[in-house]
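**Q** So you can see what is in the structure, the chains are spelled out below.
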Amino acid sequence: MPGRLVYRTIKNIFRTTSKDETASQSQQQEEKKLVSSLESNILEIKNSLGNSSDLVIRVIHIGAENNIKIGVLYTDGMINTAALQDLLDSLINKIKPSDIVPTDSTSLVSDIRKNAVTVGEVEEIKDFNTLITNILSGHAALLIENEPQAISVSIPGLEKRGVEEPQSATLIKGPRDGFTETLGTNTSLLRRRIRSSNLWLESKEIGRVTKTRVIIAYIKGLASEDIVKEVHHRLDKINIDAILETGNVEELIQDETYTPFPTIFSTERPDAVAGKLLEGRVAILVDGSPFVIVVPSLMVEFFQASEDYYQRADIATFLRFLRFFCFFIALLAPSLYIAVLTYHQEMLPTTLLVSIAAQREGIPFPAFFEALLMELTFEILREAGVRMPRAVGQAMSIVGALVLGQAAVQAGIVSNAMVIVVSMTAIANFCIPAINLAISIRLIRFVMMCLAAVFGLIGVMFGIVLLCIHLCTLRSFGVPYTSPFAPFILQDQKDTLFRFPLWSMFSRPRLINQNNVIREQNNPTSKPETRTGK
Amino acid sequence: MEEKVRISPFQLSVLTILFTTGTTFLIIPSTMTAETKQDAWVSSILGIIICLGLSYFFIVCGREMGRKNYIQYLEDVYGRLLGKMIGLLYVFFCFNGTAALLSYFGFFTTTQMLTTTPIEVLHILLAILIISVVRAGLEVLARTGELMIIWVFLLLLAMIVFLLPDIQLERLTPSFVASPMNHTKAIINFVAIAGLPLVVFLMIIPKHINRPDLAKWNFIAGTLIGTGAVTVIIVLCILVLGASTTARQLYPSYVLAKTISVFDIIQRIESIMAGIWVISIFFKTAIYFYVSVVGFAQILEVKNYHFLTIPMGMLTVIFSTIIYPNIEFMSHWDAKYWPPYLIIMGFIIPLFTLITDKIKKRFKSKKASNSTS
Amino acid sequence: MLKSLGILLIFIAIAIFQIPQLAKEKMNKEIVIFSIFMVFTAVIAILKVNDVPIPNPLELIAYTLDPILNLFS
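Chains as they are written, first to last, in this note's numbering: chain A, 1 to 534; chain B, 1001 to 1373; chain C, 2001 to 2073.
Only chain A is shown next, with the shape it has when bound in the complex (with noise of 0.2 Å):
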């Protein structure tokens, strides 16, 4: 109890604290309006932003007889060079003076506005707050010398990394561009897929500190507009200074915090995001992550490879049930190891016993700590091999292969056994597809093996039923988690453990798309003719 009333207090605290300073900070900042004075507004934008270095200032003097100070504000690498050459030079040399000599009807801002920018993006600010914010997103501020008003410039150039394949999700047949950092680059890789009206794509600044554009995109018709209302609510609840990656996103929007299964699927793939959003679903981009997440997810999704429908469909079925296979044998192999060996070693037949028994004659372990053991060393190997620098991966091998492998068989620590099924299950874990689902397998695990050592066939078999019943109190955005399996729906299990032919999958998902349901009409009939797959 006294604990809990610490945490509460200091919770608080912190809570009531962060509350008051935004607040102070936008109130300050509202009132904050531009004034005539060009040197003014200048020095105010350098004061607000601390001097920083990559805050161009160049003042130029235009018109019939120079007498109009233009200062133009950018930041350093945030524009396109080019662009701002043309803007310039357009400014300079080629705008007429009599263009800009201000009469009744228009002002000197919008005679400049008109003539002289040639860029597509273009406001006219008023407040210190709204320009800072755009200098520091791309934008060139044109300050006019007594004009309390600036013009915005949109002109970005972003240093970015061109569109590549994924690294974290490689296929063999299928298209090979993967999102990137920029947002821009992002949608444009869907709206290249989904050319319709429908696709819409809502804005979002979420982070107080950071400002990260966010974008909800959706199929219009498709997608269940309660969960699109649930996305923006929840987004719209998020309060906290840095976005800097979906993955935080994804933690703050998730159902269900405790639990170490991903309730979001993630993945850097246009064609999947792509796929799920005319299933009916909600994806979600944060601009400076190439991952995209979408919501809401099934359990049976990250099972599911995006190359599954780019191939034939008793291949790709076999597949699939072949991924679950590992997923049962990564869950369970080391436990089920552990259990047989210690309780009931009257299943294996004689001579396999006999075999067993005799390499682990030596072994001065039980078979649970042996294979605790090599677990975590193989745990051990697998995070060292992801963190290391790439130069000394040679070396890494060798000593995790040779050396612990090898080395640890001859001096009797562990058995042979141990160590294939110790692959075995390593091996197992890098079939799913989703990284985020592997990881929690890979945590359980060690439950699974803790409760065989005690309780034998009987705790795995209390491991899993637990573990059902966790899996069945998930829900990604209100639909059930184990869905289609639990509650079943039979029209839905044409993509899950089978992958149905293409033209016999003419309904979406049942729970997350209530409105449209039918997809297509085709009928076996229509074989003959070619068809882009989905």
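Hints in this document: simulated from the structure, not taken from any laboratory. Because the structure is a prediction, the values reported are computed rather than measured. We put the CB at the ideal spot given by N, CA and C, even for glycine. It is possible that some hints are incorrect.
[Claimed, not checked] Among the chain A residues that face chain B by a calculated CB cut under 8 Å, a handful are:
| hint | residue |
| --- | --- |
| 1 | 346 |
| 2 | 453 |
| 3 | 457 |
| 4 | 469 |
| 5 | 478 |
| 6 | 480 |
| 7 | 488 |
[Said to hold, decoys possible] Here are the simulated DSSO-like cross-link-like pairs (lysine-lysine), alpha carbons at most 30 Å apart as the crow flies:
| hint | chain 1 | residue 1 | chain 2 | residue 2 |
| --- | --- | --- | --- | --- |
| 8 | B | 1303 | C | 2029 |
| 9 | B | 1336 | C | 2048 |
| 10 | B | 1084 | C | 2029 |
| 11 | C | 2029 | B | 1068 |
| 12 | A | 237 | C | 2024 |
| 13 | A | 114 | A | 33 |
| 14 | C | 2026 | B | 1084 |
| 15 | B | 1216 | B | 1037 |
| 16 | B | 1068 | B | 1303 |
| 17 | C | 2048 | B | 1004 |
| 18 | A | 237 | B | 1004 |
| 19 | B | 1366 | C | 2048 |
| 20 | C | 2026 | B | 1303 |
| 21 | B | 1004 | C | 2029 |
| 22 | A | 494 | B | 1216 |
| 23 | C | 2024 | B | 1068 |
| 24 | A | 229 | C | 2024 |
| 25 | C | 2026 | B | 1068 |
| 26 | B | 1068 | B | 1358 |
| 27 | C | 2024 | B | 1303 |
| 28 | A | 229 | B | 1004 |
| 29 | A | 126 | A | 69 |
| 30 | A | 494 | A | 220 |
| 31 | A | 237 | C | 2026 |
[Unchecked claim] Derived Cβ-Cβ restraints for the label pairs, each shown as a range:
| hint | chain 1 | residue 1 | chain 2 | residue 2 | range |
| --- | --- | --- | --- | --- | --- |
| 32 | B | 1304 | C | 2066 | 34 to 44 Å |
| 33 | A | 498 | C | 2066 | 54 to 64 Å |
| 34 | A | 361 | B | 1266 | 22 to 32 Å |
| 35 | C | 2068 | B | 1052 | 24 to 34 Å |
| 36 | A | 258 | B | 1304 | 51 to 61 Å |
Knowing the structure of chain A, use the given hints to seat chains B and C on it.
**A** Chains B and C in isolation, oriented as in the chain A frame:
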């Protein structure tokens, strides 16, 4: 206490199947063969018919109840106080049922699989499962059932296929020799273990079904599949082990699984087959526990039942060692008192309630028509 | 003695976990019922671990059923 949880008719069938097969798989072959020897399959088929009739009877009761659960209905019919007292009898029945099933599970595992583990630990293990699932609610229970029933049927199918080589049809002969008296006893046992406990589903149908109109056939089909699977196990026991061996065993179907040996590779897989019993006992216990907790919450008229699960679960763990102090007491009590107790709880009280309600309603409508005319 | 203390600790831990949840939803009646129930269960549990005989509910059923069964036999 108003709960807006709804399960689908299909989920109801799943729960019915798991509930009827629960402990029945494990113990009924020996009770049946003890009475009617190799004719046990005949009595179990007759038993199925009676069970189907019973499930139809429960559906009829459910129709009268409308959108109320059983305890609310009892309060309606008998008045608040008497209704609550009869409701308490049912809570007591389900509470005992939960404790007894924990005990069954404990006896089974400690005698057959984990002989050195203290029985209380296993009771606590199962109790953790049922507490967590009932806390999560009926929907989660039903969904878990859908996930697990596939495994029960796969294992059952595997067992049947693996045992096919060991079947000796002559074990069924001589046929039709059991006396009608023995048949009656066997049928009463069958119905008391597999059919009459279905009375607890009156807490679920029709209140918690999203399509009550479809619930009827799904409930009856569930009963049919469940009791049918039990009959298959009984027949298999007779065909493989023989009637007299089956009757002598405490857990004949477990012994059945022990005899599996395919090409000397798949052998002694009874520990895996135990999955069938563990899963179905878990669901039977969970349903009993759910009904006892929900019933108790209904009687106390509290806002929700979730907070009652932990104390009630702990109480069942304590009573699970008291209720059956040893296996002898268990077999004695189950043989002597269980059938009459279940006939009273599962048939006589609901029937009496139904008749009283009908009479009351007729009386009321007559009164109403009298006053209007 | 140590066993009883352990059981008491478990019960207190559960109460600490459960009561704030109920208090958050302002269910005062439920808190009272929960507390009474927990105290009752704790007493029974402590009696049980100290080997005090506790009446078996099945005996009660048997006692009430006996006259009916005698009627038939």
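**Q** Evaluate each hint against the coordinates.
**A** Status of each hint after checking the structure:
no., hint, in the structure
1, 346, "4 Å, holds"
2, 453, "12 Å, violated"
3, 457, "5 Å, holds"
4, 469, "5 Å, holds"
5, 478, "13 Å, violated"
6, 480, "6 Å, holds"
7, 488, "5 Å, holds"
8, B:1303 / C:2029, "9 Å, holds"
9, B:1336 / C:2048, "27 Å, holds"
10, B:1084 / C:2029, "19 Å, holds"
11, C:2029 / B:1068, "23 Å, holds"
12, A:237 / C:2024, "21 Å, holds"
13, A:114 / A:33, "23 Å, holds"
14, C:2026 / B:1084, "26 Å, holds"
15, B:1216 / B:1037, "34 Å, violated"
16, B:1068 / B:1303, "16 Å, holds"
17, C:2048 / B:1004, "38 Å, violated"
18, A:237 / B:1004, "27 Å, holds"
19, B:1366 / C:2048, "56 Å, violated"
20, C:2026 / B:1303, "11 Å, holds"
21, B:1004 / C:2029, "21 Å, holds"
22, A:494 / B:1216, "28 Å, holds"
23, C:2024 / B:1068, "29 Å, holds"
24, A:229 / C:2024, "27 Å, holds"
25, C:2026 / B:1068, "26 Å, holds"
26, B:1068 / B:1358, "16 Å, holds"
27, C:2024 / B:1303, "14 Å, holds"
28, A:229 / B:1004, "23 Å, holds"
29, A:126 / A:69, "18 Å, holds"
30, A:494 / A:220, "24 Å, holds"
31, A:237 / C:2026, "25 Å, holds"
32, B:1304 / C:2066: 34 to 44 Å, "39 Å, holds"
33, A:498 / C:2066: 54 to 64 Å, "59 Å, holds"
34, A:361 / B:1266: 22 to 32 Å, "27 Å, holds"
35, C:2068 / B:1052: 24 to 34 Å, "27 Å, holds"
36, A:258 / B:1304: 51 to 61 Å, "21 Å, violated"
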